[in-house]
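Number of protein chains: 2
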Amino acid sequence: MIGVAVLGSTGSVGTNTLRVLARHRDRFRVVALTAYDSADLLKRQAREAGAAFVGLVQGTGVAGTGMGEGCLVEAATHADVKIVVNAIVGAAGLPATLAALRAGKRVALANKETLVMAGDLVLEAARRGGGEIVPIDSEHSAVLQCVTGARAGTLRRLILTASGGPFRDWPAERLAGATVKEALNHPTWRMGPKITLDSATLVNKALEVIEGHFLFGLGYEAIDVVVHPQSIVHGLAEFTDGSVLAQVGFPTMELPILYALTHPERLPDDGTRRFDPVAAGPLTFEPLRRDAFPAFGLGVNAGCNGGTAPAVFNAANEVAVEACLAGRLAFGRIPDVIARVLEAHDVQPAGDLAVVLAADRWARERAEAACS
Amino acid sequence: MIGVAVLGSTGSVGTNTLRVLARHRDRFRVVALTAYDSADLLKRQAREAGAAFVGLVQGTGVAGTGMGEGCLVEAATHADVKIVVNAIVGAAGLPATLAALRAGKRVALANKETLVMAGDLVLEAARRGGGEIVPIDSEHSAVLQCVTGARAGTLRRLILTASGGPFRDWPAERLAGATVKEALNHPTWRMGPKITLDSATLVNKALEVIEGHFLFGLGYEAIDVVVHPQSIVHGLAEFTDGSVLAQVGFPTMELPILYALTHPERLPDDGTRRFDPVAAGPLTFEPLRRDAFPAFGLGVNAGCNGGTAPAVFNAANEVAVEACLAGRLAFGRIPDVIARVLEAHDVQPAGDLAVVLAADRWARERAEAACS
Chain A
1 MIGVAVLGST GSVGTNTLRV LARHRDRFRV VALTAYDSAD LLKRQAREAG AAFVGLVQGT
61 GVAGTGMGEG CLVEAATHAD VKIVVNAIVG AAGLPATLAA LRAGKRVALA NKETLVMAGD
121 LVLEAARRGG GEIVPIDSEH SAVLQCVTGA RAGTLRRLIL TASGGPFRDW PAERLAGATV
181 KEALNHPTWR MGPKITLDSA TLVNKALEVI EGHFLFGLGY EAIDVVVHPQ SIVHGLAEFT
241 DGSVLAQVGF PTMELPILYA LTHPERLPDD GTRRFDPVAA GPLTFEPLRR DAFPAFGLGV
301 NAGCNGGTAP AVFNAANEVA VEACLAGRLA FGRIPDVIAR VLEAHDVQPA GDLAVVLAAD
361 RWARERAEAA CS
Chain B
1001 MIGVAVLGST GSVGTNTLRV LARHRDRFRV VALTAYDSAD LLKRQAREAG AAFVGLVQGT
1061 GVAGTGMGEG CLVEAATHAD VKIVVNAIVG AAGLPATLAA LRAGKRVALA NKETLVMAGD
1121 LVLEAARRGG GEIVPIDSEH SAVLQCVTGA RAGTLRRLIL TASGGPFRDW PAERLAGATV
1181 KEALNHPTWR MGPKITLDSA TLVNKALEVI EGHFLFGLGY EAIDVVVHPQ SIVHGLAEFT
1241 DGSVLAQVGF PTMELPILYA LTHPERLPDD GTRRFDPVAA GPLTFEPLRR DAFPAFGLGV
1301 NAGCNGGTAP AVFNAANEVA VEACLAGRLA FGRIPDVIAR VLEAHDVQPA GDLAVVLAAD
1361 RWARERAEAA CS
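Quick note, the sequences are listed as chains A and B, same order. Residues 1 to 372, numbered by our numbering, are exactly what the first sequence covers, in order. Residues 1001 to 1372, numbered by our numbering, are exactly what the second sequence covers, in order.
Don't read these hints as lab results, they were simulated from the structure. There could be a bad hint or two in this list.
Computed from the model, here is a short list of chain B residues facing chain A with C-beta under 10 Å [what the hints assert, rightly or not]:
| id | residue |
| --- | --- |
| 1 | S1012 |
| 2 | G1149 |
| 3 | H1186 |
| 4 | D1241 |
| 5 | G1242 |
| 6 | L1245 |
| 7 | T1262 |
| 8 | R1266 |
| 9 | A1280 |
| 10 | L1283 |
| 11 | A1369 |
| 12 | S1372 |
Using C-beta positions, here's what the derived DEER-type ranges look like [as the list claims (entries may be wrong)]:
| id | chain 1 | residue 1 | chain 2 | residue 2 | range |
| --- | --- | --- | --- | --- | --- |
| 13 | A | D276 | B | G1219 | 37 to 47 Å |
| 14 | B | R1340 | A | R274 | 35 to 45 Å |
| 15 | A | A358 | B | G1217 | 54 to 64 Å |
| 16 | B | R1128 | A | R274 | 32 to 42 Å |
| 17 | A | A222 | B | G1059 | 31 to 41 Å |
| 18 | B | T1148 | A | E132 | 50 to 60 Å |
| 19 | B | G1217 | A | G297 | 47 to 57 Å |
| 20 | A | G306 | B | L1041 | 32 to 42 Å |
| 21 | A | A52 | B | G1351 | 57 to 67 Å |
| 22 | A | G306 | B | P1264 | 30 to 40 Å |
| 23 | B | G1104 | A | D26 | 36 to 46 Å |
| 24 | A | M67 | B | E1286 | 51 to 61 Å |
| 25 | A | D276 | B | P1349 | 44 to 54 Å |
| 26 | A | R274 | B | R1047 | 51 to 61 Å |
No residue lacks a Cβ here, since even glycine has one placed at the ideal position from N, Cα and C.
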């Protein structure tokens, strides 16, 4: 029995994870669950899964609970846990990722922001502690599945697909007036509000490019993005001989979650809709409109600049998204906020966590100011 | 340096193979070449590649040549050869495949007919002799690339793609009057005349289903075919967890040939067009019209029946195709000829080669009679 901690269990990836785990109780045991402030749902989940440890970051009302931010690290380093599913949204997931990796756990990572903020530090923690990172993001799971079994050094290029979000074909001038409500209406994926907004600005895709750089060790020139509105081809891997493998399927998070738990093995599972290319309909691909979605280029540039730049990009975006969801910032202004913070930032090498966290704090303050 | 024999070097797969080998002279050495009767081209190829052994099945005029059918086995078992590229068309390739496998060689197999005729015997020869079969067919190469590195027993289903051939969308009544010239005009692949006709009747796809059964050890109920007119997705593998991998790319035989030479490794190669999903255009998938292409179902049924049935299906088809190319049989009558021969056949277990060859001879005689 493999012990699993699910951080962020009440969110979209968290509930999908519990559904997958419920189908495989013979193999996995839910040891720890944490949530931000959804106490009622967390209590119900803990009862159903029989979790030994329950953590609530904000609020009260869950008996026998770890409280506050510290409960995340507590859950992530629990002695009975082998796999930590990190489904926390945003930078808040970083300490738990680092702690789990240092403790030699596998981190099934949906919290791409932590890898973006501090990729080198996260990889180093894994190396030192004997932990490993397995992506849950469907695009990176796709690539991982394509390269599993391939010889080291034979991966030449990644192609990450992007649905293009709800504004894929909107003219730039119309985009300027897009509302949050329109942005939250994703065409192919049902996800939490933060990642859905990130998909509408294509910030999410920039974060994934940076994530791909760290996960697969490729330079940014070897990571392409192509818009694929149907979200059927999740990611492609080009090898040194020119051959390209892809992972395909109807959109579901359950499959990449299951794979992150079992990689490099696979478990028999009938819980997801069987793929049928005919029912999938025509698959189309188009270039990403960088002009219409300037936040994408800002993110990729931040990745290329390295050091603290990706952390600053991420922090500025988190603040802008929060302001946007709270009605304090127009959707169309998110890229401006990010751009202004990045312009003002003096990039530092991200050699230790204090530098990264300082850059993150600095960027949040700047972004808050830029939002008002 | 890995010694390579190319059987059928003057045909379509053969010339593609020599092009690939010419790019990798540091790794591969052409030891032996054979052709059916194209003496001039064979001589030129042998000179350019510096082949030590040259074999011509039919005709004269090549100095220092092995002559007659025996030259195929001679080339396939040459002491300096490690990989035999079997690009012979039809049943004539069987003895060389068996001999090479018994001698412990890798057979890079474009000659799917031999696996269809005598799949169990071919697999047994490989087991006993320590040889191995690696497919060159783009569909099977795709699947092999998808499953390389996967744990045994995790492949659940194959999906082979079919371009649908030149008559993909022809109504059945129009198909009855299709000419050989029209059948030879394949929409996406440039190939030799036999396989091109087989693609027009979809016999080729039935042969590939049978080939897939033997190569990947799946039952026929686990092998699906889907029509994909663009020939970009070459084959798909569904795993036990429901995940599906695919190999994709612009149509070229050079890539599967290179992979058959290097599997499970890959060699850096820039000789093929880099894949670009946008340039590939929309990818569409549709069900195979079994009613319009009855030869497909005949072949799959023969595969399910097993024993000598696939050999009889193959032999009847070879005779019908030859008659068709010679102008002795209307294109539309190929399925009738195959059906009549299969109906008259009393299926035997294919436990030894003599039984298979007898069934093959019997079917050829029957088919000749049915063609006239």
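- Structure-inconsistent hints, enumerated in ascending order: Violated: hints 1, 3, 11, 12, 13, 17, 18, 20 and 25.
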